[in-house]
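Residue numbers (this note's numbering), protein chains in the order written: chain C, 359 to 690; chain P, 359 to 690.
Bear in mind the hints are in silico, worked out from the structure with no lab data behind them.
Among the hints, erroneous ones may be present.
Remember, identical chains collapse to one label, so a pair may be satisfied in a single copy or spanning two.
Calculated pairs, DSSO-like style, for lysine-lysine (alpha carbon to alpha carbon, straight line, at most 27 Å) [to be verified]:
hint	residue 1	residue 2
1	K494	K383
2	K632	K650
3	K378	K466
4	K638	K600
2 protein chains.
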Amino acid sequence: MKKILLSHGSGGEETQKLIKNLFLKHFSNEILNKLEDASILNISGKIAFTTDAFTVSPIFFKGGDIGKLAVAGTVNDLAVMGAKPRYMSLSFLIEEGLPFEDLEKIVKSISEEAKKNGVLIATGDTKVVPRGQVDKLFIATSGIGEVVRSGLSAHNLQEGDVIVVSGTVGDHGACILAEREGMEFDIPIESDCKSLWKMIEKLLNSEVEIHAMRDATRGGLAGVLNEWAEQSGVEIEIEEEKIPVREAVKGLCELLGFEPTHLANEGMVVIAVKEKDAEKLLEVLHSTEEGKNASIIGRVTKKGSPKVVITTPYGVKRIMEPPAGELLPRIC
Amino acid sequence: MKKILLSHGSGGEETQKLIKNLFLKHFSNEILNKLEDASILNISGKIAFTTDAFTVSPIFFKGGDIGKLAVAGTVNDLAVMGAKPRYMSLSFLIEEGLPFEDLEKIVKSISEEAKKNGVLIATGDTKVVPRGQVDKLFIATSGIGEVVRSGLSAHNLQEGDVIVVSGTVGDHGACILAEREGMEFDIPIESDCKSLWKMIEKLLNSEVEIHAMRDATRGGLAGVLNEWAEQSGVEIEIEEEKIPVREAVKGLCELLGFEPTHLANEGMVVIAVKEKDAEKLLEVLHSTEEGKNASIIGRVTKKGSPKVVITTPYGVKRIMEPPAGELLPRIC
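With the hints as extra help, turn the sequences into a complete structure.
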């Protein structure tokens, strides 16, 4: 089986071949094909700009792979800021010896996921490092989007806002955890890894007044809510029984002592919406495949000292702590 | 001594602290400080967009470090496309256990080098991976610039164009090589790692008709010239004795069997300029600190089958091969 060699990253003949026979084969577009040091784009007005590095292990998992994840993660970071994803960059960090076949599978995933979203791969870079100096494959991306709705911000939560999640909580984290522990379930736990631009585009085209939106990746739902409370200076109250969690995810969490709200999602957003528009928002979400499990889970109760409170089914209130400690390295 | 822990990358409390106490401390600006999933930028007209991953080993070397290199590399990729560097993203991939002090030194380098160029760090990401799964520190960047001169392109070389290098050849590669081999010289070999925007801005403001410009990083001078010959479909002829190479770099290459033209630079560009403007170009370059060693090294002799020919001091002609094989991994 062909493998990636150090020479593929040395900037010489073999690098040129890898670019032509792999990257341009799958990503071909007028901008990338020029192979300049920087690509020239025509875009103006307000743009959104984001970056992310993907180090997930294993690189193939139920529901996706590191390539699909890299596109979905980048697209979602742009979409939650009200931006239509347009261009992406890709930096590959490859361990010498990675099977060419694995790399090609991942490149194909990237290409498919990018096409679904109308995103062009505009520029890229490839480094190959000696065996043992990186684990298989990391991908760093950046993304550029066109802002179609301004004002979405973590600093923008208002008293009375309703908090909505667009899907079940903790699926990606639970999937990676199960894969690493070698655990099998009757209904396998699948990552929710997916691009949410189509769903979010529908929301942005609706009249719904959204104040903030964020995809709940590393740090999970608890991470997003605590950051929001902090950045907007508000108290948020969540009803535990309204948080949608798959049975298998619940089971895994009980077994291993995790909180579903601390586990990463890779295809779910949290939304703070003006109270009067909450039902309308839910309606739009439910009309999409990606948002069919959307639920109202709580509200912003007041301005003041930042805090997230969770009410149990028995009416007991406790603080929803932000995640701390090691959690799960290489989750995304 | 404080070290970077896995928890610094988990997206929870410790990540927030690292962001506030390290990254925002040094990179603080209105855009970054908002800490949104994507940053909103106001930009108009044509933009240049580039990405690069930096894996250089050692991370500190004579003349720079991986941080300075990351900014210079990104700035130079934008500048050679005629773009004024404006914004950068940074993705840090950190090995658990990296001394905090090392990371802070590098963050300071980045901050200084970015300020010199008027570049804002607009967005970032940090991943910490378990010991042994990445070597110390990799940095992936992307950059956005405003195009101030269009038409510079590797596809744009014309018959008669004069080929100029803005400085001595092979310095960065030779420096890394010497550091890794533990070799000491009377005059230490320093990397040429530096941002070239100020120098290039002067060129762009002059009346000089530049057809192509590229920084000779991985693959070195031979890599750039061969790619240009290929992409523009031209034959290029270089006079060996006109290529400026430092004595120590020459010595090292003879000792270890390398070609200076295959070694990376990180602060030198190759320029193809219309013949009538070559002297004027040299004058502008010589008026800058970064370009004081600039030299005319050859010319585009004809359209036709892509080829780079080098003439030795004895008049013998041979092909200047593109670099091939492993060369030097983790050079940049």
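Open item on the list: For a quick check of understanding: which of the numbered hints are violated here, in increasing order?
Closed with: none
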